[in-house]
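Peer 1: Sequence:
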Amino acid sequence: MTQMLTFMAAPFAACLVLVGIHAYFGIHVIERRVLFVDLAVAQFAALGAVVGFVKGFHPGEPGSTLYSMAFATLAAVLFALTRARDEKLPQEAIIGITFVVASAATILIADRAPEGAEHIKEMLSGSLLWVTWPTVIKDLIIYAAVGLFHWIFRRRFLLITEDPGEAFRR
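Under our numbering, the first residue of the sequence shown carries the number 14, and numbering increases by one thereafter.
I should point out that these hints are in silico values taken from the structure, not numbers from a laboratory. Everything numeric in this text was worked out from a predicted model, so none of it was measured. Treat the hints with care, as some may be off.
What the hints assert, rightly or not - Computed list of lysine-lysine pairs in DSSO-like fashion (alpha-carbon distance at most 30 Å, straight line):
no.	residue 1	residue 2
1	151	134
2	68	151
3	68	134
Said to hold, decoys possible - Pair by pair, the computed Cβ-Cβ distance ranges are:
no.	residue 1	residue 2	range
4	110	29	33 to 39 Å
5	75	167	38 to 44 Å
6	14	181	18 to 24 Å
7	141	182	38 to 44 Å
8	95	160	25 to 31 Å
9	17	96	41 to 47 Å
10	150	181	35 to 41 Å
11	31	167	15 to 21 Å
The beta-carbon is built from N, C-alpha and C at its ideal position, and this holds for glycine as well.
Could you put together the complete structure from these sequences and hints?
Peer 2: Written as structure tokens, this is what we have:
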């Protein structure tokens, strides 16, 4: 029993780190009616990791993380710019199309890389059970920084979520 608790301590701590900020983001996602944006941004992050792998960075290395973050940021900027006041094409459609394109690109690029199949499997299945304490601490620092940023600018973010027209006028 003690071994199981020791084994599960880091994954449990990782879950606690993730849940707070993701609950906050979830409120904004639901209010903005862009329910699948998280999947698309995650797929862009996976595409970035695969591009980083092809460039010589192994998963978990800082270079791979930077590629993932850059691609996720690119997706977030793309979705922010495509959010129109008068929607002729629903943003969920744009999100769905970019998700499919990013998924296909990820598979095509990984297929050309050595050990690509193994990385595709790892990317699709996740590995929360195998998280280590250094990863939990790194994630805690990153999430704390993101949380602090959102706390400082919370009024602006809430205005953008609740009344995009008013936020645009300001």
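Peer 1: List in ascending order the numbers of the hints, as given earlier, that are violated by the structure.
Peer 2: Violated hints: 5 and 6; rest satisfied.
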